[in-house]
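For the sequence shown, this note's numbering begins at 1 and goes up steadily by one.
Note that these hints are calculated values from the structure, not bench results.
By construction, the Cβ of each residue, glycine as well, lies at the ideal position given by its N, Cα and C atoms.
Just to be clear, a hint being listed does not mean it is correct.
To be verified - Ranges between beta-carbon positions, derived for each pair:
#1 Asp-141 x Thr-97: 29 to 39 Å
#2 Arg-155 x Lys-27: 36 to 46 Å
#3 Thr-97 x Arg-155: 42 to 52 Å
#4 Gln-129 x Gln-178: 43 to 53 Å
#5 Tyr-134 x Asp-32: 29 to 39 Å
#6 Thr-35 x Glu-80: 35 to 45 Å
#7 Phe-61 x Gln-8: 49 to 59 Å
#8 Glu-30 x Thr-157: 51 to 61 Å
#9 Gln-178 x Gln-130: 12 to 22 Å
#10 Glu-177 x Tyr-57: 37 to 47 Å
#11 Asn-60 x Ala-159: 29 to 39 Å
#12 Lys-27 x Ile-93: 19 to 29 Å
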Amino acid sequence: MPANQTSQLIAGWPEESREAAQLVIDKYGEPDEATDTQLTWHKPGPWKRIVASRAFYEHNFPAPHIDSVESVIDYRVPPEKFDELAEFDGSIIAERTAGEVSARCHDEQANFLALNLMHDIVTGAKSVQQARDYYAKEFADFRRKKPTPYMEKLRFTPAADDSTDPDVRVLSDEDLEQAKREGEAHNRAAS
1 MPANQTSQLI
11 AGWPEESREA
21 AQLVIDKYGE
31 PDEATDTQLT
41 WHKPGPWKRI
51 VASRAFYEHN
61 FPAPHIDSVE
71 SVIDYRVPPE
81 KFDELAEFDG
91 SIIAERTAGE
101 VSARCHDEQA
111 NFLALNLMHD
121 IVTGAKSVQQ
131 ARDYYAKEFA
141 DFRRKKPTPY
151 MEKLRFTPAA
161 DDSTDPDVRV
171 LSDEDLEQAK
181 REGEAHNRAA
191 S
């Protein structure tokens, strides 16, 4: 698509989300899936998928901007780290069962930054406050045209094997059968 030409898929979107989606289209081409409300690319670049949404969210960390482009990777976050990630950045989304983590921001560079810092928190390389401080510094350095190593690429390798976490079973087949019998007995008594 020629530069400065908006994809027809997003022509009717609000300017904020249209601009963000167009950045992804310009880099990765037309999406693999498209609906009226979102575009999805499967396995573009280093990502498991990218989703650009018509909906956008105002986000004030580290400075006011909008979030509408989500970059997803396979990554297992230990349950005890979820609170720290939520404290770090509300646009980090960790899905334990699916074994995925994503960052939703305005562009791919900010998503690299957020996910690299997520990894630093999970591995203990940075505290939440250190990650927030570094995010603000690199975000400002990007505007200053200074080096921004955390915004260039993922600085770690996403999970290559199964990152899902199906959790631990607590009800046996016998427990479920007993519950079913009790439910049937309850229904008969109520009739």
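Now for the hints, and whether the structure bears them out:
1. Asp-141 x Thr-97: 29 to 39 Å: holds (36 Å)
2. Arg-155 x Lys-27: 36 to 46 Å: violated (19 Å)
3. Thr-97 x Arg-155: 42 to 52 Å: Taking Cβ atoms as reference, Thr-97 and Arg-155 lie about 26 Å apart, which means the hint is violated.
4. Gln-129 x Gln-178: 43 to 53 Å: holds (49 Å)
5. Tyr-134 x Asp-32: 29 to 39 Å: The hint (29 to 39 Å, Cβ to Cβ) holds, given that Tyr-134 and Asp-32 are roughly 33 Å apart.
6. Thr-35 x Glu-80: 35 to 45 Å: Given range 35 to 45 Å: holds, Cβ gap about 36 Å.
7. Phe-61 x Gln-8: 49 to 59 Å: violated (33 Å)
8. Glu-30 x Thr-157: 51 to 61 Å: 28 Å Cβ-Cβ, so the 51 to 61 Å window is violated.
9. Gln-178 x Gln-130: 12 to 22 Å: violated (51 Å)
10. Glu-177 x Tyr-57: 37 to 47 Å: Holds: the Cβ-Cβ distance is about 45 Å, inside 37 to 47 Å.
11. Asn-60 x Ala-159: 29 to 39 Å: The hint (29 to 39 Å, Cβ to Cβ) holds, given that Asn-60 and Ala-159 are roughly 31 Å apart.
12. Lys-27 x Ile-93: 19 to 29 Å: holds (22 Å)
Hint check: violations occur at hints 2, 3, 7, 8, 9; the rest are consistent with the structure.
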